[in-house]
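Knowing the structure of chain A, use the given hints to seat chain B on it.
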Amino acid sequence: MRTELNADVTGAVWKITANVGDELEEGATVMILESMKMEIPVIAEDGGTLVEILVEEGQPVVEGQPVAVVEE
Amino acid sequence: MGDTTEPVEGWGPEIDELQERRRLASQLGGSDAIEKHHSRGRLTIRERIGGLVDIGSFREVGSLTGQGVYENGRLVDLTPAPYVMGLASIDGRPVAVGGEDFTVRGGTSWSGDRKKGGQGGFIEDMAANYRIPLVNLIDGAGGSVTSILKRGHTVFPGVHGFDRSVELMGIVPVVCAVMGTAAGGPAGRAILSHWSVMVKGTSQVFAAGPPVVARSLGQTVDKEDLGGHKIAVDTSGTIDNTAGSEAEAFEMIQRYLSYMPTNVWELPPRTETGDDPDRADEGLIDIVPRSRRKPYNMRTLVKMVVDKGSVFEIQPTFGKGLITSLARVNGHVVGVVANNPMVYGGAMDVRAARKQTHFVELCDTFHIPLVFFVDVPGFMVGVEAERAATLREGMRSVYVGLQATVPSFTVVVRKCYGMAGMGTTDKDGLDFKIAWPSAEWGSLPIEGGVAAAFRREIETSPDPKAREAEIEAEFLANASPFRTAEAFGVEEIIDPRETRSYLAKFLEAAQIRQRNTLGPKGRVGVRP
Numbered sequence: 001m002r003t004e005l006n007a008d009v010t011g012a013v014w015k016i017t018a019n020v021g022d023e024l025e026e027g028a029t030v031m032i033l034e035s036m037k038m039e040i041p042v043i044a045e046d047g048g049t050l051v052e053i054l055v056e057e058g059q060p061v062v063e064g065q066p067v068a069v070v071e072e
Numbered sequence: 001m002g003d004t005t006e007p008v009e010g011w012g013p014e015i016d017e018l019q020e021r022r023r024l025a026s027q028l029g030g031s032d033a034i035e036k037h038h039s040r041g042r043l044t045i046r047e048r049i050g051g052l053v054d055i056g057s058f059r060e061v062g063s064l065t066g067q068g069v070y071e072n073g074r075l076v077d078l079t080p081a082p083y084v085m086g087l088a089s090i091d092g093r094p095v096a097v098g099g100e101d102f103t104v105r106g107g108t109s110w111s112g113d114r115k116k117g118g119q120g121g122f123i124e125d126m127a128a129n130y131r132i133p134l135v136n137l138i139d140g141a142g143g144s145v146t147s148i149l150k151r152g153h154t155v156f157p158g159v160h161g162f163d164r165s166v167e168l169m170g171i172v173p174v175v176c177a178v179m180g181t182a183a184g185g186p187a188g189r190a191i192l193s194h195w196s197v198m199v200k201g202t203s204q205v206f207a208a209g210p211p212v213v214a215r216s217l218g219q220t221v222d223k224e225d226l227g228g229h230k231i232a233v234d235t236s237g238t239i240d241n242t243a244g245s246e247a248e249a250f251e252m253i254q255r256y257l258s259y260m261p262t263n264v265w266e267l268p269p270r271t272e273t274g275d276d277p278d279r280a281d282e283g284l285i286d287i288v289p290r291s292r293r294k295p296y297n298m299r300t301l302v303k304m305v306v307d308k309g310s311v312f313e314i315q316p317t318f319g320k321g322l323i324t325s326l327a328r329v330n331g332h333v334v335g336v337v338a339n340n341p342m343v344y345g346g347a348m349d350v351r352a353a354r355k356q357t358h359f360v361e362l363c364d365t366f367h368i369p370l371v372f373f374v375d376v377p378g379f380m381v382g383v384e385a386e387r388a389a390t391l392r393e394g395m396r397s398v399y400v401g402l403q404a405t406v407p408s409f410t411v412v413v414r415k416c417y418g419m420a421g422m423g424t425t426d427k428d429g430l431d432f433k434i435a436w437p438s439a440e441w442g443s444l445p446i447e448g449g450v451a452a453a454f455r456r457e458i459e460t461s462p463d464p465k466a467r468e469a470e471i472e473a474e475f476l477a478n479a480s481p482f483r484t485a486e487a488f489g490v491e492e493i494i495d496p497r498e499t500r501s502y503l504a505k506f507l508e509a510a511q512i513r514q515r516n517t518l519g520p521k522g523r524v525g526v527r528p
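Going line by line, the protein sequences match chains A and B. My numbering numbers the first residue of the first sequence as 1 and each following residue consecutively. My numbering numbers the first residue of the second sequence as 1 and each following residue consecutively.
I should point out that these hints are in silico values taken from the structure, not numbers from a laboratory. Mixed in with the good hints there might be a few duds.
Unchecked claim - Here are the computed lysine-lysine pairs in the DSS-like style, where the Cα-Cα straight-line distance is at most 27 Å:
| id | chain 1 | residue 1 | chain 2 | residue 2 |
| --- | --- | --- | --- | --- |
| 1 | B | K223 | B | K320 |
| 2 | B | K320 | A | K15 |
| 3 | A | K15 | B | K294 |
| 4 | A | K37 | B | K320 |
| 5 | A | K15 | B | K465 |
| 6 | B | K230 | B | K200 |
| 7 | B | K320 | B | K230 |
| 8 | B | K505 | B | K303 |
| 9 | B | K465 | A | K37 |
| 10 | B | K36 | B | K200 |
| 11 | B | K320 | B | K308 |
| 12 | A | K37 | B | K294 |
| 13 | B | K303 | B | K320 |
| 14 | B | K200 | B | K223 |
| 15 | B | K223 | B | K36 |
| 16 | B | K294 | B | K320 |
| 17 | B | K320 | B | K200 |
| 18 | B | K294 | B | K465 |
As the list claims (entries may be wrong) - Partial chain A-side listing against chain B, Cβ under 8 Å, derived:
| id | residue |
| --- | --- |
| 19 | D8 |
| 20 | V9 |
| 21 | S35 |
| 22 | M36 |
| 23 | K37 |
| 24 | M38 |
| 25 | E39 |
| 26 | I40 |
Since the model is a prediction, treat every value here as computed from it, not as a measurement. All C-beta atoms in this analysis are idealised placements derived from N, C-alpha and C, irrespective of residue type, glycine included.
The shape of chain A in the complex, shown without the other chains (with noise of 0.2 Å):
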């Protein structure tokens, strides 16, 4: 099951810390947005295989952006 992974936050992509293909575990980081002056981690809450990566670093994202795609 293909489930997208969201921004919470309007801000842009700070670091991508995973590649496409990656197994990940349950909980595991997959890029960092910078958004008032945090940096806030995208997380794979049930893990999965990484599919996709739907932005690049230094990109501007708003809240809800689909950012990923992880298949479980």
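Chain B alone, transformed into the frame defined by chain A:
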């Protein structure tokens, strides 16, 4: 009735009629209608009541209401009134429970000398008179123009009004569960509750449904996109929680009520959770990162402090910058209000503010002490935030916080700035602030403050970034919370691992005055 010429002793024939009428009532809208209802993934009202309340505890009122069909003066059939209600128990405590029967012609036809429920009615009168919680299992579509034909005149809206429903909000816990498509009156009824839940996929809530929307605005939208849980719960916060199924909704209702007193003249029930009040979780010493830029999981932090397994989160998917949960500490019910640093650094936006306002008022009304876990840099800033009236909504939450008289504890975990930070303290009460060594506070965070107060000096400096960092460092040197504690500007600084034990002791003492100050809370004034 017998047609024999012999006189009959006793009331046997009437009892037979009573049982026949009860049998007819139990058939609701008929087996075809029930099958159709089931095929849509929905239970009947009798099944719902059965699934919710303690087994065998339901005592129905108005079981004989409906429209009889007679041949030669004999009852041959009965369409029951499309509302079932009565007295029952949940976890051994009495509740008033009722709901629409959607299998009887969509739940809208019969009218009697007295209303059973829906909006007002016997069930709400009973909740008020007995001072017991009310649970509405809502599955009705609301008013219809067809009533004009039935009565031969138009009916003024609200003739069966919400006056009793509003009265109940101040005296007993009111729970509304939306079990179907609710528009108009039933949707409005769902909102007049302390806590509400809807069922994923099989329920919707809106002011008016797709046909009316199409007619009024020319918008085409299906009912799930207009008022399904993604809209009504996640996006708008109109309804508090989503249940994955009807069975889960019943469990959630039972769970919610377990934190509530039966009415405002009683204390919330204390339950033995078996969790040592002096438990000191080692994880608390390093859960807050040393880097102020890094967030952490506030839910995990809260769970290390409160009794294990005692957290019931309200509105988890709305206003995510704030976490509002009912929980227990040493068996006593508390209302946890915790900022979420994962979302905008914990800044208070319009949705978080609205969520806090409602939750604080809920806890104050039902004598549930508040525990704030604070990590808030202030109100949300920026163009979007101003357009959304963040300041107004935020000040409303400050206003309600200052009106609350329930015991309140402010645990400053990290940031506590500005009016949003102030809103976590009860200046009118004990104003008891317990800080962690990681705490920092002020009118505004140092970065923003320096940028504003030293703008000229920074701009005209040969290396602005370096000068700004220099000034910030100067201020940060004075920012140790221990200095504020020296001045008794904060009442205590504790080892984070002591939080549970410390809170438990004061919470116990705070119960004493609570016992003597029960009853409804009168609130005077106009909210901003």
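Q: Tell me, in ascending order, the numbers of any earlier hints that this structure violates.
A: The structure breaks none of the hints.
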